[in-house]
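Novice: Read off the chains here:
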Amino acid sequence: MNRSFHILVGGVSALLIALFLVLLIGMLLELWQQTSLRAPHFSEIVFAARLSLITATLASAIALAVSIPVAYAFSRYSFPGKDLFDTLLDLPIVLSPIAIGALLLIFFNTALGRQLEHWFGPFVFEVRGIVLAQFVVVVGLSLRLLKETFQAIDVEYENLARSLGYNQMQVFARVVLPMARRGLIAAFLLTWGRAIGEFGATVTLAGATTMKTETIPVAIFLNFESVDISSAIVFITILITMSFAILLFVRKTEAYVR
Amino acid sequence: MCDSRPFLSVESLHLTLGGFALRNMTLSCARGEYHVLLGPTGSGKSTLLKCILGFHRPESGRIHLDGCEITGALPEHRRMGYVPQDYALFPHLNVEENLRFGLRPRRMRSNQADSLVDRLCEVLSIGSLRRREVRHLSGGERQKVAIGRALATQPKMLLLDEPFSSIDEGAKRGLWLELRQIIRDVGITTLHVTHNLDEAYSLGQCQSLMIDGSLVQSGSTREIFGRPINESAARYFNYTNIFAGVAEKTAGGTRINLGHFAVEAGAKATEGKRVKVCIRQQDIRVIKEGAPVKDSLKRNILSGEITNLIHLREECVMRFKIEGSPKAYDLEARFPVHMEGRRELHEGKKIRVALWEPMIAVFTE
Numbered sequence: 001m002n003r004s005f006h007i008l009v010g011g012v013s014a015l016l017i018a019l020f021l022v023l024l025i026g027m028l029l030e031l032w033q034q035t036s037l038r039a040p041h042f043s044e045i046v047f048a049a050r051l052s053l054i055t056a057t058l059a060s061a062i063a064l065a066v067s068i069p070v071a072y073a074f075s076r077y078s079f080p081g082k083d084l085f086d087t088l089l090d091l092p093i094v095l096s097p098i099a100i101g102a103l104l105l106i107f108f109n110t111a112l113g114r115q116l117e118h119w120f121g122p123f124v125f126e127v128r129g130i131v132l133a134q135f136v137v138v139v140g141l142s143l144r145l146l147k148e149t150f151q152a153i154d155v156e157y158e159n160l161a162r163s164l165g166y167n168q169m170q171v172f173a174r175v176v177l178p179m180a181r182r183g184l185i186a187a188f189l190l191t192w193g194r195a196i197g198e199f200g201a202t203v204t205l206a207g208a209t210t211m212k213t214e215t216i217p218v219a220i221f222l223n224f225e226s227v228d229i230s231s232a233i234v235f236i237t238i239l240i241t242m243s244f245a246i247l248l249f250v251r252k253t254e255a256y257v258r
Numbered sequence: 001m002c003d004s005r006p007f008l009s010v011e012s013l014h015l016t017l018g019g020f021a022l023r024n025m026t027l028s029c030a031r032g033e034y035h036v037l038l039g040p041t042g043s044g045k046s047t048l049l050k051c052i053l054g055f056h057r058p059e060s061g062r063i064h065l066d067g068c069e070i071t072g073a074l075p076e077h078r079r080m081g082y083v084p085q086d087y088a089l090f091p092h093l094n095v096e097e098n099l100r101f102g103l104r105p106r107r108m109r110s111n112q113a114d115s116l117v118d119r120l121c122e123v124l125s126i127g128s129l130r131r132r133e134v135r136h137l138s139g140g141e142r143q144k145v146a147i148g149r150a151l152a153t154q155p156k157m158l159l160l161d162e163p164f165s166s167i168d169e170g171a172k173r174g175l176w177l178e179l180r181q182i183i184r185d186v187g188i189t190t191l192h193v194t195h196n197l198d199e200a201y202s203l204g205q206c207q208s209l210m211i212d213g214s215l216v217q218s219g220s221t222r223e224i225f226g227r228p229i230n231e232s233a234a235r236y237f238n239y240t241n242i243f244a245g246v247a248e249k250t251a252g253g254t255r256i257n258l259g260h261f262a263v264e265a266g267a268k269a270t271e272g273k274r275v276k277v278c279i280r281q282q283d284i285r286v287i288k289e290g291a292p293v294k295d296s297l298k299r300n301i302l303s304g305e306i307t308n309l310i311h312l313r314e315e316c317v318m319r320f321k322i323e324g325s326p327k328a329y330d331l332e333a334r335f336p337v338h339m340e341g342r343r344e345l346h347e348g349k350k351i352r353v354a355l356w357e358p359m360i361a362v363f364t365e
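Line by line, the protein sequences are chains A and B.
Each residue of the first sequence is one higher than the one before, starting from 1 at the first, in our numbering.
Each residue of the second sequence is one higher than the one before, starting from 1 at the first, in our numbering.
To be clear, the hints were calculated from the coordinates, so they are not data collected in a lab.
Worth double-checking, as some hints may not be accurate.
Claimed, not checked - Simulated restraints, written as ranges between beta carbons of each label pair:
hint, chain 1, residue 1, chain 2, residue 2, range
1, B, 66, A, 86, 42 to 52 Å
2, A, 178, B, 184, 53 to 63 Å
3, A, 115, B, 57, 36 to 46 Å
4, B, 136, A, 76, 23 to 33 Å
5, B, 57, A, 177, 22 to 32 Å
6, A, 253, B, 118, 51 to 61 Å
7, B, 119, A, 81, 21 to 31 Å
8, B, 173, A, 253, 43 to 53 Å
9, B, 42, A, 177, 52 to 62 Å
10, A, 81, B, 106, 19 to 29 Å
11, A, 117, B, 42, 54 to 64 Å
12, B, 26, A, 76, 24 to 34 Å
13, B, 106, A, 207, 51 to 61 Å
14, B, 24, A, 76, 25 to 35 Å
As the list claims (entries may be wrong) - Some chain A residues judged to face chain B by a derived CB distance under 10 Å, without partners named:
hint, residue
15, 151
16, 155
17, 156
18, 159
19, 162
20, 163
21, 165
22, 167
23, 168
24, 171
25, 172
26, 179
27, 181
28, 200
29, 208
30, 212
Where is the CB? At the ideal position from N, CA and C, for every residue including glycine.
Put together the whole structure using the sequences plus the hints.
Specialist: See the structure below:
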């Protein structure tokens, strides 16, 4: 019986790992079989990688900055309609990114949206639109991760710090944030990883213009659309490498901070 | 009662938290006193402590500390040292950083802070732990660091919430003595919350008993443990033998008729009143046949047989059936293990027991 159980769990795990390996190997075989290998222009790679890095870093930094107070409020306070608002803020996690992009596009067609563009500059078909789209897609994930992090910190630590003379802001800065550091790092890196691979909302709001709003996922789309498979594979390889490095870094950082 | 000038006073405090309420809580604590707030789990002791600390705002009532009203004061302005149940040592700081944590808001000069931390380490005997991560400390060490961290801010008083709850049973007694010595050395007014009777008895000069959100009784340790004010207090203080009866006047005082037996209770009840009689397990003595019986035991001697002997680690509990009783047993007595052999006690043995009259508690129903 024990042997069957081990075979079951080991077998399913091996199958899942094999699935991902097959996908990667399939991509490499496709690259091998390409009769006319054509690498994308180096400047295009640099542009897409740089734009992806900048927009993903900005979007996840803003998402984290916004999520910290909101997640803390939801983890500590009770207020009318809390469950309703909590569910509303979870929506970006389950909504299709294209739907989020469409919502943003429709919003910027309203009077308030146009007024915002008047104050802060254009978002539609612009780089700041990429940051906004990525932010809206990842902020739900960031909130969820941080809420769990703050909930795991016993409120008694905060009470104790207050009895020692710290006000609420000082308690947050000197007790809650240091104790949440592992969760904060993990939340930032995971939202960053999610943002760098974001495509649906980005392409809907910011469009897919070569060397303008061309992030790595957009570059993959543009190359596939023009049936330039080898260039698309180069971008996919860059994306996979970056994502793998992030996930490995999260794992190592968590172990180090622990 | 304790000192008449309260250093801490809680007056008519009301607080509702969900389905639980603190009702008309009144408590006072004299300067320099070690006061234990005692009560069963869920009686509201920790909630009251959190009200005093300022973490819960009462709906009504007032709290004064050292002559100043602090009812609406923020926790950070109350200058109270707090040691919570699991000590809440900051895991991202080492022992010394935990001790120094409360000094920053006080803006203490660094040489002053250094000498204060040195003195605390000396008093608490934790000098060798200064650089250690808190997760590597034992329960007793954690407790000392938590007390040190609270004392470092030189608070007006110290509040301890079940400070021994995470200490191994075997190590507790030694630590009670250490804590008592530390508090005596520092000379700080202390309010200590516990549900452990032995801990309360060993440490407290004064005690307050809380049951179900209300203060039941307050007084010196001897008074509280020896003279419970009502049946629920008596039950909490291990008065497991509780009987209902009617008080009758006799030549020597009052006799309480409990049906199949009667108890002489001095002048503790008014004739004709329905009363409850409460007798602690340790106040029932097995009579040594042929030996003289003390005066305080003479008036309440009962004959019967041992129905059960229950062996505990340090004690033995005896169930005793009074002669002619229709019950399976009437009284539960407790005595040291060695008594069983010395008096040759065994199940079914016919013996006589005596009730120690001064400790018989009688309450009018």
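Novice: Are residue 208 of chain A and chain B close enough, Cβ to Cβ, to be under 10 Å, as the hint says?
Specialist: violated (45 Å)
Novice: Cβ-Cβ distance between residue 173 of chain B and residue 253 of chain A: within 43 to 53 Å?
Specialist: Cβ of residue 173 of chain B to Cβ of residue 253 of chain A: about 45 Å, so the range 43 to 53 Å holds.
Novice: Under the criterion of a CB-CB separation shorter than 10 Å, is residue 212 of chain A in contact with chain B as hinted?
Specialist: Violated. Min distance 45 Å.
Novice: CB of residue 178 of chain A to CB of residue 184 of chain B, is that within 53 to 63 Å?
Specialist: violated (36 Å)
Novice: Quick check on the hint: residue 155 of chain A CB to chain B CB, less than 10 Å?
Specialist: Holds. Min distance 9 Å.
Novice: With 22 to 32 Å as the target window, see if residue 57 of chain B and residue 177 of chain A comply at their CB atoms.
Specialist: holds (26 Å)
Novice: Is 23 to 33 Å right for how far apart the beta carbons of residue 136 of chain B and residue 76 of chain A are?
Specialist: For residue 136 of chain B and residue 76 of chain A the Cβ distance comes to about 30 Å; the hint holds.
Novice: When you take the CB atoms of residue 81 of chain A and residue 106 of chain B, is the distance between them in 19 to 29 Å?
Specialist: violated (41 Å)
Novice: Can we keep the residue 151 of chain A interface hint, with Cβ of chain B closer than 10 Å?
Specialist: Violated, about 16 Å.
Novice: Does residue 159 of chain A hold up as a contact with chain B if the rule is Cβ-Cβ below 10 Å?
Specialist: Cβ of residue 159 of chain A sits 5 Å from chain B, so the hint holds.
Novice: Go through the hint on residue 162 of chain A and say holds or violated, using the shortest Cβ distance to chain B against 10 Å.
Specialist: holds (4 Å)
Novice: When the nearest CB of chain B is found for residue 200 of chain A, is that gap smaller than 10 Å?
Specialist: Check failed: Cβ of residue 200 of chain A comes no nearer than 39 Å to chain B, outside 10 Å.
When the structure is compared with the earlier hints, violations turn up for hints 2, 6, 7, 9, 10, 15, 25, 28, 29 and 30 and for no others.
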